[in-house]
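If you read the sequences in order, they're chains A and B. Position one of the first sequence corresponds to residue 1 (this note's numbering), numbered consecutively onward. Position one of the second sequence corresponds to residue 1001 (this note's numbering), numbered consecutively onward.
Keep in mind that the hints were calculated from the coordinates and are not lab data. From a predicted model like this one, the values you see are computed outputs, not experimental measurements. Backbone N, C-alpha and C fix where the C-beta goes; we use that ideal spot for every residue, glycine too. Certain hints may be false.
Selected chain B positions facing chain A (in silico; Cβ < 7 angstroms) [as the list claims (entries may be wrong)]:
| # | residue |
| --- | --- |
| 1 | PRO1069 |
| 2 | PRO1122 |
| 3 | THR1228 |
| 4 | ASP1723 |
The following label-pair restraints were derived from C-beta to C-beta distances [to be verified]:
| # | chain 1 | residue 1 | chain 2 | residue 2 | range |
| --- | --- | --- | --- | --- | --- |
| 5 | B | VAL1494 | A | ARG175 | 47 to 55 angstroms |
| 6 | B | PRO1355 | A | GLY114 | 41 to 49 angstroms |
| 7 | B | ASN1234 | A | ASP143 | 43 to 51 angstroms |
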Amino acid sequence: MRIPVWQIVVVAAVWFTFDPGGLLADGGRVCWSGVSSAYRLTVFAEPVPLRQGRIDLSLFVQDFEELTHVSGVKATFALIPPGSATPLLEAEATRSNATNPLFQAASLIVPFSGRWQVKLLVAEPEGPFYSAIFPLEVAPAQDPVWKMAFWIALPVVPISWFVIRQLVHSRDAHRSKNGRS
Amino acid sequence: MSAEWQAFWTSWQFDAWLTLALVLAALIYLRGWLRLRQRGARRFSPWRLAAFLLGVTTVGLATQSPIEPFSTLLLQMHMLQHVLLMFVAPPLVWMADPELPLLVGLPKVLRRHLAVPILRDPLVRWVTHLLAHPAVALGLFVVTAWTWHLPALYQAALTSQTWHQVEHASFFLAAIVFWRVVIGPYPNRSTLSRWIVLPYLLVAGLQGTVFSGLLTFSDRLYYPHYETVPRLWNIAPLDDQAIAGALMWFSGSVAYLLAVAWVAAELWNETPQPQMAGTGRRLPAGVRERQKTALRISKLRTATKKSTRASPEVWDCFKLPFVGAVLKSKAFRPTMQTVLLLLAALIVIDGLWGPQATSLNLAGVTPWIHWRGLLVIGLVVAGNLFCMACPFTLPRSLAKTLFRTNWNWPGWLRSKWLSVALLIVFFWAYEAFALWDTPWWTAWIVVGYFVASFAVDGLFRDAAFCKYVCPIGQFNFVQSIFSPLQVAVRDGNVCHTCDTKDCIRGGPQGSGCNMELFQPQKTGNLDCTFCLDCVHACPHENVGMLAFVDSGQLTAGGMPSTQVRWYRRTDVAALLTILASAAFVNAAWMVEPVVRLEEQVQAELPLISRPVLVSLGMVLSLAVIPAVVLLAVAAVSRWWSGSKRGVLETATQFAMVLVPLALAMWTAHYTFHLFTSAGTLWAAGTRMLSDYHLATFGDAALACACCGDVFSWILPWEILCLDVGLCGSLYVAYRIAVADDQLSWTVVKAWTPWAALSTGLFVTGIWIFFQPMQMRGTMVLGG
Ligand code: SF4
Ligand code: SF4
Chain A
1 MRIPVWQIVV
11 VAAVWFTFDP
21 GGLLADGGRV
31 CWSGVSSAYR
41 LTVFAEPVPL
51 RQGRIDLSLF
61 VQDFEELTHV
71 SGVKATFALI
81 PPGSATPLLE
91 AEATRSNATN
101 PLFQAASLIV
111 PFSGRWQVKL
121 LVAEPEGPFY
131 SAIFPLEVAP
141 AQDPVWKMAF
151 WIALPVVPIS
161 WFVIRQLVHS
171 RDAHRSKNGR
181 S
Chain B
1001 MSAEWQAFWT
1011 SWQFDAWLTL
1021 ALVLAALIYL
1031 RGWLRLRQRG
1041 ARRFSPWRLA
1051 AFLLGVTTVG
1061 LATQSPIEPF
1071 STLLLQMHML
1081 QHVLLMFVAP
1091 PLVWMADPEL
1101 PLLVGLPKVL
1111 RRHLAVPILR
1121 DPLVRWVTHL
1131 LAHPAVALGL
1141 FVVTAWTWHL
1151 PALYQAALTS
1161 QTWHQVEHAS
1171 FFLAAIVFWR
1181 VVIGPYPNRS
1191 TLSRWIVLPY
1201 LLVAGLQGTV
1211 FSGLLTFSDR
1221 LYYPHYETVP
1231 RLWNIAPLDD
1241 QAIAGALMWF
1251 SGSVAYLLAV
1261 AWVAAELWNE
1271 TPQPQMAGTG
1281 RRLPAGVRER
1291 QKTALRISKL
1301 RTATKKSTRA
1311 SPEVWDCFKL
1321 PFVGAVLKSK
1331 AFRPTMQTVL
1341 LLLAALIVID
1351 GLWGPQATSL
1361 NLAGVTPWIH
1371 WRGLLVIGLV
1381 VAGNLFCMAC
1391 PFTLPRSLAK
1401 TLFRTNWNWP
1411 GWLRSKWLSV
1421 ALLIVFFWAY
1431 EAFALWDTPW
1441 WTAWIVVGYF
1451 VASFAVDGLF
1461 RDAAFCKYVC
1471 PIGQFNFVQS
1481 IFSPLQVAVR
1491 DGNVCHTCDT
1501 KDCIRGGPQG
1511 SGCNMELFQP
1521 QKTGNLDCTF
1531 CLDCVHACPH
1541 ENVGMLAFVD
1551 SGQLTAGGMP
1561 STQVRWYRRT
1571 DVAALLTILA
1581 SAAFVNAAWM
1591 VEPVVRLEEQ
1601 VQAELPLISR
1611 PVLVSLGMVL
1621 SLAVIPAVVL
1631 LAVAAVSRWW
1641 SGSKRGVLET
1651 ATQFAMVLVP
1661 LALAMWTAHY
1671 TFHLFTSAGT
1681 LWAAGTRMLS
1691 DYHLATFGDA
1701 ALACACCGDV
1711 FSWILPWEIL
1721 CLDVGLCGSL
1731 YVAYRIAVAD
1741 DQLSWTVVKA
1751 WTPWAALSTG
1761 LFVTGIWIFF
1771 QPMQMRGTMV
1781 LGG
């Protein structure tokens, strides 16, 4: 029996191109919101739950009274590690980092888990920077095996398909044999 | 315009894969639609084309327009997305009667070898039949909609991109199943009466109304996420929820009403015309349509059967424009061999006379990183490409002219045992003397190879070195069993009437097969060097480079040269086993826990030198343990299934099971080094050129010689290789087990121990991938 290689190549290509990994984007869960003298500020964090490794922090700025969106505000996130007073990571939140232009986003790599403090610095229209501090619970990195669980478990799909297929096939063969006899 | 609107209009998304899929679907439909129109199928009117394109565009709009990013901020946007995916796109797609145009629009090769076999698959037919039942389709639609709107799941989809995609995919697929029953697309209509669609829509409408009412009139916010996000356009979360409910109620109602109108019009138009023979009754239009379809399909089937019998339609590399001509040209192989010969010369020169810094010496990096990586890639994507371009056999004619002995290879060595022994020696030497770390030794191995092949081929007939000695050749022969290309006959009937058999005997067009493979009887790639001598020799041009995997080799195939079934050949089984165990041992010996274990054992047994210790470890892990395991598994399989074959024969019969997993492991391992350390070629090459004042050797080259970053996709890639290997091994075990019998409990019992062994190897491979690995031959800077 000849198995045409096209079937193998195309099926393999379909598997290969199917990327189940979640994308990081602005959005996720709201982790803090507050008001400065001029703005209403909301911070989103992704992924959910936050884990050691790459995280996205996105800021949504609204006018304090009108609640309309305000763009182009200079804002910076500084991350202070657990048990420390000085920031270890710092990144400016920019519009170009965000997929939704309503947000200003920053991407940071958090080296270890624990209760971090986020210091948000926002330039007010008049006067100096407004600053707010809020906690950010970062869980330990996912077990690498668990992270790769999709890829490890992938054979279950073709194997189950094949098993069911053979069962249906043999049932049909059995029926037609009985039907004939 | 407010900032929100400005942001909305500029928030377009772009997902390359989704866009590609949608564009491809549209193009395939368009192609099929045009072809059907050319054939006079008036049913496929322009409005059907418009419906399909509109349906595809709607999916694109729902997933890639500003609606997507705003769906996490406003429930009504999210609901709009669901409405588009459940009530707009699916009916539009089905109204286009897409099945036939999509099938006809596929490239012929995909249609014949992929789509048609899949559509004919009994399981696929059973599943599609099941999903076409109104009760199943309606149940699936309702359950999917209600389940995903449960607060916990909905919230999860709002905060995770992956779950969001899964949610949309399940909505769309459930809706596709649901609307198929309503629209009843041509030609695969349900045999049930169309009247059933009216209560079907009524039930769907009722549950939709209940659901929308819950959202619209509730004073409780079901999805707290929307309370935490900033308010856009100053819309309060409860108002947002009410609008979302109303939107769903309105769109659902309109869609169901239009559907009722569609079905009612269909039933109304069913004016019976032709009469049923003998009854005086007229056939309903639906039945007439089905009869015509059945007739057309049966004609199509007969035509396909006829054409399949006439030509096997296997894709042939030689038919590729330009590439085919180049491959077939007699100058192709010697040219490739000369290129590799020059490269081998450079490696030898640098290995013997260059600096002995592994990662800066061509002999330290090229054979162990680049050549091995490219070799397995060649095996996986094509076939035995290295043997095709092998430089060791280039001086064969010169050797034969010089020696003129033409002895027969000794009968007692006509097996794979010699190469099995050489392979064990090679893998032992590799670890014991850290061959990858000594350019000087690597160069001598290359020189030794040339000398050995020159001597053996000069003294003995045919290609004795390739067939009985060369360890690299044996590696390639075994792994290429599952390569996608084969040098094989195009049409067996031509061979049947052929008198000369020049493909093996040789003739005016060229020498025959030096590996004693007779094309009409050749199954699989075992022992084939891809030398293409048979291609040139065959006077009927009946040998091609065909794309197929010969599954006959697993069961009925023979060792082509001797016509002895391979599963009676313990030497072949030993070769397969050694190469499979080496795949795992070679990778495991580089991971930290194994290296530590080796150091511990050495510390506790100081009197035993490292080479002796490695020898013991190698013999145990390459030969003794695999042999014991293989025999034990064979004994269980035989005992459980009640087979009459002996233990050794069973082990020999099933040894092929190991090959897919072994190939997967070699591929994962060697491509890992290739992908992470490819830059070392540039570093070593620049260094060598700078030695001869042909280039400047800077810091950049030095830095490049160190191991590169391990890309995030490397681990998934390695696991994917093993996934494919596991599926392959399980399938091979199944094919061997079922060869003597129909699918039965006996087959399952024979198969299960081999499946357990394959799974054990798979788990071992996964464990190896998760361990820190030595970056052999690439450390220069501090590493
Ligand atoms: S491959 Fe060619 S030479 Fe060989 S038997 Fe067939 S037709 Fe004859
Ligand atoms: S001549 Fe023999 S070894 Fe060469 S390609 Fe043909 S079958 Fe393979």
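Outcome of the hint check:
The interface hint given for PRO1069/B is met, as the beta carbon of that residue sits about 4 angstroms from the closest beta carbon of chain A, less than 7 angstroms. With a least beta-carbon distance of about 5 angstroms to chain A, the hint placing PRO1122/B at the interface is held under the 7 angstroms criterion. For the restraint placing THR1228/B at the interface with chain A, the shortest Cβ-Cβ distance is roughly 4 angstroms, inside the 7 angstroms limit, so the hint holds. Residue-level restraint check for ASP1723/B holds (minimum Cβ-Cβ distance to chain A is 5 angstroms; threshold 7 angstroms).
Against the hinted window of 47 to 55 angstroms, the Cβ-Cβ separation of VAL1494/B and ARG175/A comes to about 41 angstroms, which falls outside the hint. The beta-carbon spacing between PRO1355/B and GLY114/A, approximately 48 angstroms, falls within the hinted interval of 41 to 49 angstroms. The hint said 43 to 51 angstroms for the Cβ distance between ASN1234/B and ASP143/A, and at roughly 44 angstroms that hint holds.
Violated hints amount to a single one, hint 5; each of the other numbered hints is respected by the structure.
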